[in-house]
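Peer 1: Chain residues, written in single-letter form:
2 protein chains.
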Amino acid sequence: MQSSLPSNPVTLADLASEAEVSLSTVSKVLNGRSDVSRKTRAKVETLLEEHGYRRKGGAKSRLLELVFHELESAWALEIIRGVENIAREKGLSVVLTESGTRHSPSPEWVEGVIARRPVGVVLVFSDLAQDSRRQLEARSIPFAIIDPAGDPAPDVPSVGSANWSGGMMATRHLLDLGHTRIAAITGPEDMMCSLARIDGYRSALNAAALPLDKDLIRYGNFHVDGGRDHALELLSLPDRPTAIFAGSDLQALGVLDAARQLGISVPEELSIVGYDDLQVAQWSSPALTTVHQPLIEMAEEAARMVVRLFEGDQPNNLRLDLATSLVVRQSTAPAPVSS
Amino acid sequence: MQSSLPSNPVTLADLASEAEVSLSTVSKVLNGRSDVSRKTRAKVETLLEEHGYRRKGGAKSRLLELVFHELESAWALEIIRGVENIAREKGLSVVLTESGTRHSPSPEWVEGVIARRPVGVVLVFSDLAQDSRRQLEARSIPFAIIDPAGDPAPDVPSVGSANWSGGMMATRHLLDLGHTRIAAITGPEDMMCSLARIDGYRSALNAAALPLDKDLIRYGNFHVDGGRDHALELLSLPDRPTAIFAGSDLQALGVLDAARQLGISVPEELSIVGYDDLQVAQWSSPALTTVHQPLIEMAEEAARMVVRLFEGDQPNNLRLDLATSLVVRQSTAPAPVSS
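Protein chains in written order, with the numbering used here: chain A, 1 to 339; chain B, 1001 to 1339.
Just chain A, with the same shape it has in the complex (with noise of 0.2 Å):
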């Protein structure tokens, strides 16, 4: 037997054979059943990864897995409508899982997919460890990433939006009504996202022929309190900016509460961009003028992506990068002129 060759892919019984155990045990595993040992479990699976085995033959159920780092983030709930859309067009229910601290889903769930033998399953911003990634390929059992911080694996289908046009789009809006001393929030300096932001944000105040300044460039993290705390030190800067980016919705809010307790109105001593478009732009008052960041398409596309895998379609790139827009609201307005 010849089972190495890709031509006669390994069967259960061989692995089996070399494992010493019964097929029906070899089964069991394979089906994520709870009646086997963790020792020959151990031995299974890593003798299913040593020969690349691959299930053939579709879903136990009609279910698409999704799964959450945290559900408090404020993207959640675009993010679900989204896969319910896709679940919904193909006949699918959703079973939804926060991972909690974990920042990727534990063991145990794992288990539990393998068990339910979903068609396919969503992650968000969250990874695989590679040994859960194994166990799924083992079980021809697809999945995708929606990943708006952009710095999935580079071998993982993943979607994900135009984070440096979104930077180039709001900088270049603010540029249009006149401001010069345009201040940038955006998030945690090792994410890619926030990287490319402000990387956009530098190319439009390059391509307008303005100097870069570097005070007024901030990086924190995405909630309302790190877009107060870095706008009240912008707005007491002895030249302070006419103008903040901020890198997302929250911190755009924050900025807001900081002008209030400042007394600078709002759009006209300061005009304020945001970033992602979640609802609560539109409930601020005034309006925020945001960055769309497409969360329900996004969340569609992963969940095409996986659907698609699991019918046998190799997608052409597995990387999806969807674009972004600006949305004009009220929190911009042109520049005040300077006294």
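Quick caveat, the hints were computed from the structure, so don't treat them as lab data.
You can trust all of the hints, since none of them are fake.
In silico contact screen, one side only, chain A against chain B (beta carbon under 10 Å); selected entries:
(1) Arg62
(2) Ala74
(3) Leu77
(4) Asn85
(5) Thr97
(6) Gly100
(7) Leu250
(8) Ala258
(9) Ser285
Covered stretches of chain A (chain B as the covering partner; in silico rule of three or more C-beta atoms under 8 Å from a C-beta of chain B):
(10) 86 to 96
(11) 276 to 284
By construction, the Cβ of each residue, glycine as well, lies at the ideal position given by its N, Cα and C atoms.
We have chain A; now place chain B onto it with these hints.
Peer 2: Just chain B now, with coordinates in the frame of chain A:
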């Protein structure tokens, strides 16, 4: 055979013989299999109902179903988080369904649930059609309703919150701050929660021996525009109110926007109380004083209720109302000294 006696319940064999179909066909209907004609299915369902058949034995899957009328609701995320908390605790996975434009989930949804055979079903705000309800009952799949509107069917397990007390607390807080011209904007007049909150408001005014001005009570929708439109009118009255109790945080954001448009400062010239205590209440500038509706806990209770029903417990109360509480932030202040 005396199949109608409760002491000798009907068997599937009895049902098969009465329906003149095979035992396997009855079993297929019970398990939500699709390979049964519509006519036969209807015949068997009718007999299941007539005989009050109740399946014995547990769930097939470790799934908990969560059904929303519309996911777009600002509450959705908190409710999902609450149900996830209990699911995690009990080792269950949550299947999420949006019933969409329909007020109750579709017949296809019920078929899917029957086939998945979950531990139980949590419904948000929507009701089950009588047919669907009977189908679940025959399979011994329990359900409970999260019903913040306060209008559940009397014989259905449901969880809500103390709306009357919420209205009372909000109004008392404003009275304590010295306000006497207090307006109230609430939801649609045909929702129990709107009526209960307004009654709480009324009782607080009565207790303070203040007259009731009907011009200051408005019914509308729970969204931002509902708050904005009513507030623009209220704040243009000759003897305008110095405080507004809004029916939701979104309405309160609308009131805030109306005040900004009219150049009325909050909280110096106008105090605002919201309702719900969504995340956005903290993000607002100024941050909203609001009535905390314990949405996460309500969802947790409903999920616990379903799990207890699944385990065979009969709850003492079918309706559970959790307490509301007042969260004081920056949008309320002592009444301005009248000029």
